[in-house]
Amino acid sequence: MKLTKSFVFLIIALCLALPASVFAKPVTINWWHAMRSARGKIVETMIQEFNASQSEYKVVGTNKGNYDETMNAGVAAFRAKKQPHMLQVFEVGTQTMMMSGAVYPVYKLMEDAKIDVDWSRYLQAVLSYYMNADGNLMSMPFNSSTPIMYYNVDMFKKAGIAPLSKTKPITWDELGEITKKIVSANIASAGMVTAWQSWTQIENYSAIHNIPFASKANGYEGLDCELEINNPQVVNHITRLKSWADDNRFMYGGQKYQGPKSEFIAQNVAVYIDSISGIAKLKKTVKDFKWDAAPLPVEANTKKLQNSIIGGASIWVLKGHSDAEYKGVATFLKFLAGNKMQEFWHKETGYFPITIDAYESLKAKGYYDENPLQEVGINQLNRAIPTKISRGLRLGYFVQIRNIINEELEQVWNGKKSPQEAMDSAVKRSNVQLRTFEKTYE
Amino acid sequence: MIKRSFFKSKYLPYLLILPQMVVTLTFFYWPAIKGIIQSFLLSDPFGRKSTFVWFYNYRELFTDPLYLKSIFITCTFSIAVAAVSLSLGLFIASMANRALKATALIRTLLIWPYAVAPAISGIMWLFLLHPSYGVVALGIKNWMGIDWNPVLYGSDAMVMIVMASAWKQISYNFVFFMAGLQAVPKSLIEAAAIDGASPLKRFWFITFPLLSPTFFFLTVMNIIYSFFETFGIIHTVTQGGPGGSTNILVYKVYQDGFVGLNLGSSAAQSVVLMTLIIVITFLQFRFVEKKVQYGG
Chain D
102 MKLTKSFVFL IIALCLALPA SVFAKPVTIN WWHAMRSARG KIVETMIQEF
152 NASQSEYKVV GTNKGNYDET MNAGVAAFRA KKQPHMLQVF EVGTQTMMMS
202 GAVYPVYKLM EDAKIDVDWS RYLQAVLSYY MNADGNLMSM PFNSSTPIMY
252 YNVDMFKKAG IAPLSKTKPI TWDELGEITK KIVSANIASA GMVTAWQSWT
302 QIENYSAIHN IPFASKANGY EGLDCELEIN NPQVVNHITR LKSWADDNRF
352 MYGGQKYQGP KSEFIAQNVA VYIDSISGIA KLKKTVKDFK WDAAPLPVEA
402 NTKKLQNSII GGASIWVLKG HSDAEYKGVA TFLKFLAGNK MQEFWHKETG
452 YFPITIDAYE SLKAKGYYDE NPLQEVGINQ LNRAIPTKIS RGLRLGYFVQ
502 IRNIINEELE QVWNGKKSPQ EAMDSAVKRS NVQLRTFEKT YE
Chain F
112 MIKRSFFKSK YLPYLLILPQ MVVTLTFFYW PAIKGIIQSF LLSDPFGRKS
162 TFVWFYNYRE LFTDPLYLKS IFITCTFSIA VAAVSLSLGL FIASMANRAL
212 KATALIRTLL IWPYAVAPAI SGIMWLFLLH PSYGVVALGI KNWMGIDWNP
262 VLYGSDAMVM IVMASAWKQI SYNFVFFMAG LQAVPKSLIE AAAIDGASPL
312 KRFWFITFPL LSPTFFFLTV MNIIYSFFET FGIIHTVTQG GPGGSTNILV
362 YKVYQDGFVG LNLGSSAAQS VVLMTLIIVI TFLQFRFVEK KVQYGG
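Going down the list, the sequences are from chains D and F.
With the first letter of the first sequence counted as 1, position 318 gets the number 419 in our numbering; the numbers rise by one all the way through.
With the first letter of the second sequence counted as 1, position 288 gets the number 399 in our numbering; the numbers rise by one all the way through.
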């Protein structure tokens, strides 16, 4: 009797001990992201590759909706202490994440996990957007893009305009001449259209010409920063666009990309400024005309052109998990940054590869000879070492600020305000948001 | 004679209303109180830091000219939606109320739009009226020669969202007006007809007063609808633009709170919105209801 009892006990003990040793279960790592449909599938493929490549960790990716919804899901989960290990957050949420105290900085994660990363082999203009003031990387860049200029080759030919260079940008004045020819010859009803106006026409315009968007190095060096977009250069640029709007060289197609894109596809305009992610979209839908891409136009008298800035999202590591799990997160992030994954990601989605190695490897394989369009954005992004002004923007309540800029620009386009009035008002209103943000973290 | 029930136990009635009380307390009062508290705080979204700031959030709101404009836009919008959907609903109901062969079919068809979700309704109207790809918009621009552009002009955008919002609500109003019309005694109308009252007079002096309870109820419902449930339409059609010209209060609450993560301001806006709707409903009951003639 006693023997049976101890035998049963032994069996139970064995059963309890076994799964932990022999059938060691992989450590589960959760990743909440905002990638849906085609991109969601690509992300899923990358996760599966990682899970198949080793047996210690198992990454589980979950789509939580669009960017806003994903960030909100992360916030709510953190409050309920059920946060995932990794959260994908769009670039405008960077400051909120950084101030939250809820994140485990990526540079520190890599150090603690003893994974050696040579950050200098990453695209600097991508990294700098997610660095703190000391130059340490806070989150891992994931999907990054930058705006470029698309144009209708057939229309250019009809107007007798030579195709544009893919590396050397034209000037805004030249673009004015081009669109004038096209509109006056009735080749298209309007000259150019732009998607994401705040990002392409103010944020990137300022970065490329090294004009501060906000004080305190665009907010990197203090919460007490103020917007500075009512400077003469930006106001002149908006005034020029407004004068173009008056003679149809520019048309307003909406805040996002859908309206502007459909104007370009319908051949109502000859020039269309949008993110490099437009390449895939245009390839898919445009069948009846030839189009090409060039870098964003620049001002004629610029001494030194700076890099354009990125948009997109990065992966934040959230606090509150065990060291073993963080080791897995670090391993996964390292895996994602590897050449194989970066090349796959870049080819499939058009988003930048984040390392120079991946870019050079693709170049060596002749990928850019076959797909010259894909290199336009990379060249523009890499044309200079980012300065304190062109490395990115670090603003609290950036979502609200972009909304304010959109509202004010729309009032310029429909003639309710002069460019100077609108930019002054945008600065004033945004500063109220910045002060509230500052007060929150006092 | 009024029926009354008497309970022998003192506690039974309380027990019986308990489930309803629990539901109301957890799903209405608790969040509302949380919202009121939040409106006095400045807190970071991750909930690690909260500062009590008295009326800071309210002061910021009421010194923001755009917020005051948003209140004005909301009132214009809801009056327009209520006016359009009530008048068209009533018009269609009185047309459909006549003895027609296909009455049942017509009625069913007219109720359908109510089953369409606001967001879907918004998308459909957008596909019709968007200046770049809207089918009807192209017609308006090309054949009527009107410079229709809701992406650029605030007034065009307002017309578009009023249409999309009212279209859905017409069906709802239609159902209630239809029921109300059928309750109007035929004898009264026939008597008036014999006395030589024109159809318009009969409608104005007999049908309309008898419909007034329905009309009053629908006015309240339509205003509440246009304040809150039109969110989906705004979100899909204009996102509050252009230049903030269709940024109604409930959409601003969403943008500042859910997207922008400014919880304090968003909570303060919700409290203002709640107060506003309480005041409007109170005023309606206080002044308009006096003129309503409930059945004698």
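Check the hints yourself; a few may be wrong.
Keeping only pairs whose Cα atoms sit at most 20 Å apart, straight-line, the calculated PhoX-like set for lysine-lysine is [unchecked claim]: (1) D:K540 with F:K160; (2) D:K165 with D:K126; (3) D:K435 with D:K382; (4) D:K420 with F:K160; (5) D:K428 with D:K126; (6) D:K391 with D:K357; (7) D:K357 with D:K209; (8) D:K529 with F:K145; (9) F:K160 with D:K182; (10) F:K180 with D:K518; (11) D:K385 with D:K142; (12) D:K182 with D:K448; (13) D:K126 with D:K142; (14) D:K142 with D:K165; (15) D:K159 with D:K420; (16) D:K142 with D:K428; (17) F:K180 with D:K183; (18) F:K180 with D:K517.
Simulated from the structure, these hints should not be mistaken for lab results.
The model shown is predicted, which means the values in this text are computed figures rather than measured ones.
Against the structure, the hints come out as follows:
Proximity of K540 (chain D) to K160 (chain F) is assessed by CA-CA distance (about 11 Å); at most 20 Å being required, the pair is judged to hold. Only pairs whose Cα atoms come within 20 Å are accepted, and K165 (chain D) paired with K126 (chain D) is rejected, the gap being roughly 26 Å. Between K435 (chain D) and K382 (chain D), the direct Cα distance comes to roughly 29 Å. Violation of the 20 Å bound is thereby established for this hinted pair. With a C-alpha separation of about 16 Å, the suggested pairing of K420 (chain D) with K160 (chain F) holds against the 20 Å cut-off.
Between K428 (chain D) and K126 (chain D) the CA atoms are separated by roughly 15 Å; this keeps the pair inside 20 Å, and the hint holds. For the hint linking K391 (chain D) to K357 (chain D), the alpha-carbon distance of about 24 Å lies beyond 20 Å, and the restraint is violated. At most 20 Å may separate the alpha-carbon atoms for a hinted pair to count; K357 (chain D) and K209 (chain D) exceed this at roughly 36 Å. Distance check on the hinted pair: K529 (chain D) and K145 (chain F) sit about 31 Å apart at the alpha-carbon level, beyond 20 Å; violated.
About 16 Å separates the Cα atoms of K160 (chain F) and K182 (chain D), which keeps this hinted pair within 20 Å; it holds. Proximity of K180 (chain F) to K518 (chain D) is assessed by CA-CA distance (about 16 Å); at most 20 Å being required, the pair is judged to hold. Between K385 (chain D) and K142 (chain D) the CA atoms are separated by roughly 18 Å; this keeps the pair inside 20 Å, and the hint holds. Of the pairs offered as hints, the one joining K182 (chain D) and K448 (chain D) is violated, with about 37 Å between alpha carbons and a cut-off of 20 Å exceeded.
A distance of roughly 26 Å separates the Cα atoms of K126 (chain D) and K142 (chain D); the hinted pair therefore is violated under the 20 Å criterion. Between K142 (chain D) and K165 (chain D) the CA atoms are separated by roughly 14 Å; this keeps the pair inside 20 Å, and the hint holds. In summary, the hint linking K159 (chain D) to K420 (chain D) is supported, as the alpha carbons are separated by about 19 Å, within the 20 Å threshold. A threshold of 20 Å between alpha carbons decides the hint, and for K142 (chain D) with K428 (chain D) the separation of about 25 Å lies outside it, so the pair is violated.
With a C-alpha separation of about 40 Å, the suggested pairing of K180 (chain F) with K183 (chain D) is violated against the 20 Å cut-off. A C-alpha spacing of about 15 Å is found between K180 (chain F) and K517 (chain D), which places the hinted pair at or below 20 Å, so the restraint holds.
In this structure, the hints that do not hold are numbers 2, 3, 6, 7, 8, 12, 13, 16, 17, in rising order.
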